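Mind docking chain B on chain A? Use the hints.
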Amino acid sequence: MNFIRRQRYLVDYIISSMLRRKGKNLGLMLVYSLIVFMLASVMLFTHALKQEVGLLLHSSPEIILQRMVAGRHDFIPASYLEKMGRIRGVTSRKGRLWGYLYDPSVKANYTLMVSDEQALAATEVIIGSAIARARGVVPGDYISFRSFDGETYSFQIKSLLDHETELVSADLVLLNSKAYHALFGMPEGVYTDIVLSVSNLREVPKIAEKLSQRLPDTRPILKQEILRTYDAIFSWRQGILFVLLAGAIMAFVIFAWDKASGLSAEEKREIGILKSIGWETSDVLHMKFWEGALLSLLSFFIGYLLAYLHVFYASASLFEPVLKGWAVLYPQFQLSPSVDGLQVATLFFFTVFPYVVATIIPIWQVAVTDPDAVMR
Amino acid sequence: MNRITLNNVTKVFNQGRPNEYAAVRGVSLTIEPNRVTCLKGPSGSGKSTLLSMIGCLSRPTSGRILLGEQMISGLPERFLTDIRRHTFGFIFQQFNLISGLSVLENVILPAYPLAPDHRTLMKSAHELLERFELGHKAESPVQWLSGGEAQRAAICRALINDPQILIADEPTANLDTKLSHAFMGQIAQLRKLGKTILITSHDPVVFDSPVVDSVVELQDGAVLQEAVDAA
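Going down the list, the protein sequences come from chains A and B. Residue numbering for the first sequence follows this note's numbering, beginning at 3 and increasing consecutively. Residue numbering for the second sequence follows this note's numbering, beginning at 54 and increasing consecutively.
Isolated chain A, as found in the complex (with noise of 0.2 Å):
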């Protein structure tokens, strides 16, 4: 009880002391706040991207199979669906068209697909959203785009993509699988690949194996190798923006080092003048590391519910270009909240812990001196 009770007139004290010198303390709340709240960003959008991948991908295929010639990306013939015979585990395979398209309009790529499900006439076309952002079109709209032979063809809008899903369908346009080959040329009886479910995950390793045995020129790729890359080239980018984010890091750290470690002769005089009054040298560096401790949580805290606001309310406007990815047709969506346990504690461990290290060495150097300095 006395302890606690001392521990509440230690914060009392630290509150007026911290009140009395303002302007430092607000400055240095300001800066660290600033630090955690662009770490924190990079840290809970990469974050929330790769969860957001996962989650997209939980539905997509476990295998894609793709012939290779000459060891590049070649047409795969309809036939192979028949020539890979059965599978044991494989329940549904099929063949997918899809393509790139060059729009010199907008100068981007988008991504062509043919899709059996929605049920397209030839001349309608699905469009994502940041095509139709781009183009400044929507549904009923015409669209045209030029086929492989310089001919134009223009597609009605039927609908735009989910916006849940712009993430991977923002560039995606699904078409009528007569107007693909239209577009592109392609002859019948072949597919830009096979996809094919697995519903038991363990096994996807083995029928990855059987493929490569029964069609030798073909390259099976696992749901999981994919989910990998995104997970790799989301963490390097997030390392790009740590290296860029150095600096100010460093910065922050010579900052926080001179005005926390820096103890101001006024300072010195008061933990004199405590010390004389009957104050213990542990009762000096209980109340410093209080001081310590409160500005660094309480930065720590707006500097981390700034970058949640910031990622999850504001689309992470700031660090986005790096981020997101390097095409043209920027995504726009709302990324569901997600926070990372480690990561907070890995942050919270690299900005509170040596701030409050850094403010008791010197505390300590001054609050061991004889108290009666301040009769001298």
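Mixed in with the good hints there might be a few duds.
As the list claims (entries may be wrong) - Chain A is faced by these chain B residues, among others (derived, beta-carbon under 8 Å): (1) S105; (2) S111; (3) S115; (4) G127; (5) E130; (6) R137; (7) F143; (8) E158; (9) P163; (10) N214.
It should be emphasised that the hints constitute simulated quantities derived from the structure, not laboratory data. Small disclaimer: the values here were computed from a predicted structure and weren't measured. Don't be surprised by glycine CBs; every beta carbon is placed ideally from N, CA and C.
Then chain B, alone, in the frame of chain A:
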């Protein structure tokens, strides 16, 4: 009540260095309880150094200081602090109030490490401020106080833990004659309350005051004239 006894006390600063300096040399004296004792002497005579050793703010280089039967000169810092906060109250020459804090906050500051009940602490602080006519200034920042008010605030702070011994280092150095006389009046009040008071001063208002029971004259760190009864 405890008597303070000094036995051949010496304090040397910067020991072993070229600028070694003995501020107090072989001082032996006895300070009686419930009395006002004044350490008199010019600047550099070792008054403040002696006072800081008696008040457990520093330790002698050699010699012994006893508080009653307890030898306090060789105790580690923790124990010294404990004795200091329970036994001594300090009034400094520069008052040493913490600016930016209110009078009340300054007064209760020595009690923080002892963590008394908050209500009791506030009650004693307000009583003290009323007794020294500072009740109306309780919430004012200390930097707004006049010299006399700051002095009284410092006295209140020295008394908050109800110490047995009050130590005042050159308390009238920053006061005019009128305020100095007023200060001695307050000392008289405290003596009536049974406090032992130890003052250093080279101000005649202090050492010639009828309130002072005995005067010890120091020169060059040694006792020149011992315990002259002023009364």
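Problem - Hint status (Cβ of P163 (chain B) to nearest Cβ of chain A, threshold 8 Å) - result: This hint holds: P163 (chain B) lies near chain A, its Cβ roughly 4 Å from the closest one there, short of 8 Å.
Practice task
Report holds or violated for the interface hint on G127 (chain B), using the least CB-CB distance to chain A and a cut-off of 8 Å.
Solution key: At about 15 Å, which exceeds the 8 Å cut-off, the nearest Cβ of chain A leaves the hint on G127 (chain B) violated.
Exercise for the section: Report holds or violated for the interface hint on F143 (chain B), using the least CB-CB distance to chain A and a cut-off of 8 Å. Expected result: Given a least distance of 6 Å, the restraint on F143 (chain B) holds.
Practice task
Mind checking the CB of N214 (chain B) against every CB in chain A and telling me if the closest is under 8 Å?
Solution key: Where the cut-off is 8 Å and the nearest Cβ of chain A is about 7 Å from N214 (chain B), the hint holds.
Problem - Status of the hint placing E130 (chain B) at chain A (closest C-beta pair under 8 Å) - result: holds, 7 Å
Practice task
Using Cβ atoms only, decide whether R137 (chain B) comes closer than 8 Å to chain A, and label the hint accordingly.
Solution key: holds, 5 Å
Exercise for the section: Identify whether the interface hint at E158 (chain B) stands, where standing means a beta carbon of chain A within less than 8 Å of its own. Expected result: Interface hint status for E158 (chain B): holds (6 Å vs cutoff 8 Å).
Practice task
Let me know if the C-beta of S115 (chain B) comes in closer than 8 Å to any C-beta of chain A, holds or violated.
Solution key: This interface hint is violated because 17 Å lies over the 8 Å limit.
Handout entry: When the least beta-carbon distance from S111 (chain B) to chain A is tested against 8 Å, hint result
Key = At 4 Å from the nearest chain A Cβ, S111 (chain B) passes the 8 Å test, so the hint holds.
Problem - Status of the S105 (chain B) interface restraint (C-beta, 8 Å, chain A) - result: holds, 4 Å
When the structure is compared with the earlier hints, violations turn up for hints 3 and 4 and for no others.
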